[in-house]
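Protein chains: 2
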Amino acid sequence: MATKPDARRRVEAGQCDAYDPSCPSRPLLDRLADKWVVLLLSALADGPLRYSDLARIVGGVSQKMLTQTLRVMERDGLVSRRVTPSVPVRVDYGLTPLGWTLMPLMYAVKEWSEVHVEEVEAARATYEADL
Amino acid sequence: MATKPDARRRVEAGQCDAYDPSCPSRPLLDRLADKWVVLLLSALADGPLRYSDLARIVGGVSQKMLTQTLRVMERDGLVSRRVTPSVPVRVDYGLTPLGWTLMPLMYAVKEWSEVHVEEVEAARATYEADL
DNA sequence: CTGTATCCGAGTGGATACTG
DNA sequence: CAGTATCCACTCGGATACAG
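Chain order of the listed sequences is A and B.
Numbering-wise (the UniProt record's numbering), the first sequence opens with residue 1 and increments by one.
Numbering-wise (the UniProt record's numbering), the second sequence opens with residue 1 and increments by one.
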């Protein structure tokens with residue numbers, strides 16, 4: 001029981017390497033390196049939120065992508081989904097202990113974008129000018 | 001000179017918000033939330049590398065995606081590209097000061113994937129079982 | 001309110017071939 | 001060595017309609 005000792009040994013031995021496309025961490029990284037994942041995990045930093053709250057906070061997200069991304073994150077054990085069988089139904093999403101360990105990293109990426117967007121824009125302008 | 005005070009005020013005033021799809025930080029976040037960006041910035045953590053080195057280290061990356069991603073990162077001011085006009089030509093890619101500030105975040109995401117891949121796999125197994 | 005289902009246009013990215 | 005160019009299968013994701 002517990003987690004598989006085989007893979008854990010592989011991690012400790014440095015054999016789990018996202019540089020290796022055949023390592024399971026690669027497809028995981030691919031799922032995490034996603035705009036909606038970053039924004040949704042960041043949005044849940046202050047506590048659980050309802051589906052409609054997430055839709056409002058994360059601007060521009062379609063219903064399809066919101067549901068799809070939440071499903072994948074739930075499946076990966078990053079968020080929990082709790083249904084309150086009221087009428088109408090109410091669904092709350094929150095970070096799991098695992099999701100809680102990832103959230104700060106994603107939040108940092110989101111903040112980096114906001115803080116450094118100008119420097120990037122300036123670099124882009126320079127790049128264009130030098131063409 | 002320096003960076004534009006206008007946008008800086010916007011950032012400080014909380015008007016630069018990646019949750020807002022019309023904020024310039026959103027498309028930036030979208031470019032950063034990319035598998036290859038995470039892996040390439042991580043690969044450059046120990047110093048500049050040649051094109052062929054990057055192709056070797058980052059397994060599974062196609063020539064097209066490697067070049068394309070490096071171009072975008074160069075354009076965004078994250079990496080520098082230095083050409084040595086030898087025969088054959090030699091090209092070194094390195095982190096810019098701006099890229100240096102982002103690299104640790106990306107490296108952390110890559111490491112998170114490697115360290116927690118098992119917990120995620122376990123969560124996925126549980127999710128499947130509960131269907 | 002919280003989804004699911006389907007359509008479909010646009011963009012992504014791998015494979016391949018070729019170049020300075 | 002370090003690209004560029006092209007083709008094209010595939011996926012992504014928005015829009016829309018409908019449902020529990």
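Calculated directly from the structure, the hints in this document are not laboratory data.
Fair warning: this is a prediction, and the values are worked out from it, not measured in the lab.
Built from N, CA and C at the ideal position, the CB exists for glycine as well.
Take these hints with a grain of salt, some might be off.
Now the in silico label distances, taken between C-beta atoms and shown as ranges [unchecked claim]:
hint	chain 1	residue 1	chain 2	residue 2	range
1	B	D46	A	T84	34 to 44 angstroms
2	A	R75	B	R90	38 to 48 angstroms
3	A	W100	B	R75	29 to 39 angstroms
4	B	A55	A	A55	15 to 25 angstroms
5	B	D130	A	R124	21 to 31 angstroms
6	B	P104	A	Y127	18 to 28 angstroms
**OP:** Check each numbered hint from earlier against the structure, then list the numbers of those it violates in ascending order.
**Re:** As far as the earlier hints go, 1, 4 and 5 are violated by this structure, in ascending order.
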